[in-house]
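J.: Chain by chain, the residues run as shown.
Number of protein chains: 2
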Amino acid sequence: MAKRKPTFVVIGGVAAGMSAASQIKRRDQRAHVMVFERGHEISYGACGMPYNIADPAREMDDLVVLTPEQARTERGIDLHLDHEVNRLDLAGHVLMVRDNAGKTERHQEFEALVIATGARATRLPLPGFDLPGVTVLRDLADGRQLKALLRSQPRRAAIIGAGYIGMEMAHVLRERGLEVVVIEKMPQILPGWHADSVSVVEDALARNRVEVHTGASVVEAQAGTDGKVAAVVTDAGRHQADLVLVATGVRPNVTLAAAAGLRIGASGAIWVNQYQQTSDPTVWAAGDCSESYHRVLRKNTWIPLGTTANKQGRIAGANALGANTRFAGIVGTAGFQVFDLEVARSGLTLDKAREEGFEPVAVTIRQRSRALAYPGGGPVQVTLIADGPSGLLLGGEVVGSEGAALRVNILATALAAHMTVADLQNLDLVYAPPFAPVWDPVLVAANQLAKTVGRTS
Amino acid sequence: MAKRKPTFVVIGGVAAGMSAASQIKRRDQRAHVMVFERGHEISYGACGMPYNIADPAREMDDLVVLTPEQARTERGIDLHLDHEVNRLDLAGHVLMVRDNAGKTERHQEFEALVIATGARATRLPLPGFDLPGVTVLRDLADGRQLKALLRSQPRRAAIIGAGYIGMEMAHVLRERGLEVVVIEKMPQILPGWHADSVSVVEDALARNRVEVHTGASVVEAQAGTDGKVAAVVTDAGRHQADLVLVATGVRPNVTLAAAAGLRIGASGAIWVNQYQQTSDPTVWAAGDCSESYHRVLRKNTWIPLGTTANKQGRIAGANALGANTRFAGIVGTAGFQVFDLEVARSGLTLDKAREEGFEPVAVTIRQRSRALAYPGGGPVQVTLIADGPSGLLLGGEVVGSEGAALRVNILATALAAHMTVADLQNLDLVYAPPFAPVWDPVLVAANQLAKTVGRTS
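Residue numbers (this note's numbering), protein chains in the order written: chain A, 1 to 457; chain B, 1 to 457.
Among the hints, erroneous ones may be present.
[Unchecked claim] With a straight-line cut-off of 30 Å between C-alpha atoms, the simulated DSS-like cross-links for lysine-lysine are:
#, chain 1, residue 1, chain 2, residue 2
1, A, Lys-299, A, Lys-228
2, A, Lys-5, B, Lys-451
3, B, Lys-5, A, Lys-451
4, B, Lys-5, B, Lys-103
5, A, Lys-103, A, Lys-5
6, A, Lys-299, A, Lys-185
Calculated directly from the structure, the hints in this document are not laboratory data.
Given these sequences and hints, build the entire structure.
T.: Spelled out as C-alpha cells, the structure:
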C-alpha cells in the first residue's frame, strides 16, 4: 500500500491562517493543505476597514487580498468556507469539522495542524446592546453593516472605547458628517499611552468637535420609538445616539485549543514558543489567537495585530512542514491616524515597564518635523521611555502631523537591537531640510533623556 | 602668582566650531573660549541654502542659527570674526592669528585647541570660470551672490556636477523659472548611487525638463559680449548658460593642520580617533575638515555633513575640557529632495563595499508607500545591499514620493546595530494603512534579499 500523502490542516483563513497555508504550498507544491474557515471570506485586511468606511463609494471587498477562488486555483489550497472545527483530538491526530452550509459533520485526520482562529470583538453584555444600530467592527460583515447603517443617515454616533479603532472611527464618522461622542471607562483615552501623547490627541478630538467622556461606565443602550437604538446611558449621563459602535477591544478565540488541552498563556491566548509551536509538538498557532514573544520583555505577551499575524503565519506554516524558523518577536509597534495626527508607539508603556520591574524614566519633547529654514511641516512630539539605572530604551510614542508614524520605526529598530538611550543619541539619522531638522526629534528626545538615565555618554 | 585661567581656542565658527565652543561653555561657564572665524558669519545651516534660494522673498540670514552677538552675550564666547589663523605651533601651544579687518597679527596661547576649519567648494581651474555669473554654493555669501544673480533674471543655468547640491539646485532653478542643463563628468548622475535609484531620479529630471549630460568633461566657460558668462563648453558640446553653478564637491581645509604636523588621513582630511582627538593629544578636530569613524567600515572615512559636524563639535568640545566622550561614528546617511522625489541613502555603496573586500549583493523592490486599500501615496523604491556570505546589511537607498527619507532611518539604525538581512526581516515596523502597507517596503526588500544571502532564516 502506497504511503498516504500527509495532510496539513489550518484552522482559520484570514491573515495568519492564509499566510501559513500559502507558506506550506510555496515550500512544497505537492503538500495537501486544507483550510477550514468558519466564515465566508478569507484573507482580508481588517485594519483597512475604517479608511474604507470613510469613503461611501468604496466596496468593502476592496480589502480582500486573496479570493477563495484564487486561493484554490492559484495557490492550490484545499479551502473549505463555512466550516467550523468543533473538536480537536490531539492524541488521535483527528478533528471534527462541521459544514455549516450542508449541516454535516465529519472527521478529518491531520499530520500537522496550524491554529489561526483569531480574536473576536468583545461585546457588552448589557441591556440594549443587541438593538438594531449597535455594531462592532471586526470582520468585513461588520464593516458592511456599518456602511449600511451609514446609508440610513444617522445623525449622532456613540463610540464605546477610546482605543485605536475608537479613535480611527471617531475621525471617520466625523468625516461622514455625524456628531460623535466617545465613551471610555478608563480615566483617559488611549489607555496605557503616555499623558503627553493623550493630551495631543485630546486636542485634535476637541478641535474636531468630538465629545469625549472618560471614566464613564456604560449601563445600557436604549431604543427609540422605531425600535432602533436611540441612546447610550452611562453612570454619568445619557447620550443620544442612533449609531453605536462598540470598540472595547478583542479577545483571543481559544475555546477549541483549550478544550483540546493545549496550554493557554497568562495572557489568555494560546501559548507558543518562538517557533509558533504550541504545547503539543504537532500543533502550531499564529496570529490573534496566539501569544507573541516580546523582544523587550523577553517573554510572551498578547498584542494582536495584522502584521504580526502575517509573520507568525508564515513561520507556523514553514515549521509545520519541518523547517526550524524562529520568530524573532515583536516590540509592540502600532500606529493609527486620527484627523490630522499620526499617532504611533513601540515598546513598553510606562505602566507596563513598572509592572515588569523596570525603573522607567520618560521624557517628552516637541520639535518641528522639518528644518526651521524649511517651509511647511509641523510639530512632532516624541516621548521616550527608558530604564533609569541601565539606560536601556524601553519604548516610545510619537505624535504629530507628519513623519510621526515612520519615526516610530527608528524606535522599533532600536528596541529590536536592545539599544540604550546613548545608542539612540549616536544614531546617524538623515538630515535634509525638507524631511528633518539637523537634530531629528528622536535625537533631541534621546539627548534630553540621557540627562536622567544611568549609563550614557 | 595666581594661576592663569586656561584658554580654549576653536578655529572656525560654523557648525562644528560653534558646537564645540558652546559645549565647553555649557560644561564650564567660567572657561575662556576663543573662536577665530575667518569669515563674517557663524553658525549657519548651509544645507538650507537651496531651499532658501527657491524663495525670492526670503533672506539668506534666515539660515543663521546663532548671531555673533548671541554667541558673545548669551553663550559667553570670546568670538573673533575676520580672524584667520595662519600658523600653529603645537610644541609651544601657541598660534599666530591675523585680524583681516585691522590687518594686524598676533600670537595667542592655548591650553587646548579645536580645529573646525571646514571644507571649501572645489573650483574648476579652467578658462572662464572666474567670469561674472559663475558661482559655487558653499557659504552664505555664495548664496547671496546666487540670489543676486537670479534677480537679473538669467534664462538658462548650467550646473556642473550631479551630486546632492547639483540635484537640489536643478530643482530650485527650474522652480525659479530657468532652463537647466546639468553636466556630470562621471558616467551617471549621483556617482556611487545604485543604478536603480539613479534611474528614478533621471526620470524626475526628464519629467521636469532638466537637460542632463553625463560623461562630459568641462573644457571652459565662455563670455558673452557683456563680459558675463554665456556658455559652458565640454568635450561633447557647447551649452548656452548665463548662470553657471559649479557643484563639483568639496575638499577639507587642512593646510593649517598639515603644516603644523598633524596627521592627515588617507581621505585627505585630518585624522582623528573616536574622541575627535588628532595625532596631537591637546588638539581636537571636528566637522568637515576631519575624518569620521564609519561604523560599517569600522575605520575612518570622510563624509562631510552638517549633522555629523554638530555631533563631532560637541564631542570635541567636551573632550577638550577633559571629558572622555566617544563618537560612535557615522553610517553614511544622507538625503535630499529633487522635484517630487525624496532621495536618501545610508551605509556603503556597492562600489565601496566591493573596494572594502565585501562580496556585496543587492536587490531593488518597488512598493506603494501606503496600504493598497488606502488612497493616495505613491511608489517607494528600496535598494538594499548586503554582504553575500555573511548576510550583514551594508547599505541601502530609498527613493520615492513620500516616506522615503524617513525609511532610510530604519536602515541607519539597523546599520548602527550591525544587523543582518535576517535581523531586518524580523523588525516589528509600524503598520497602518495611511502610513505603510502590512509589509513595509523595507521588509519586502529584506525578504527578497534574504533569498540570495547566506545566514538568513
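J.: Output the numbers, in ascending order, of every earlier hint that fails for this structure.
T.: Of the numbered hints given earlier, the structure breaks just one, which is hint 1.
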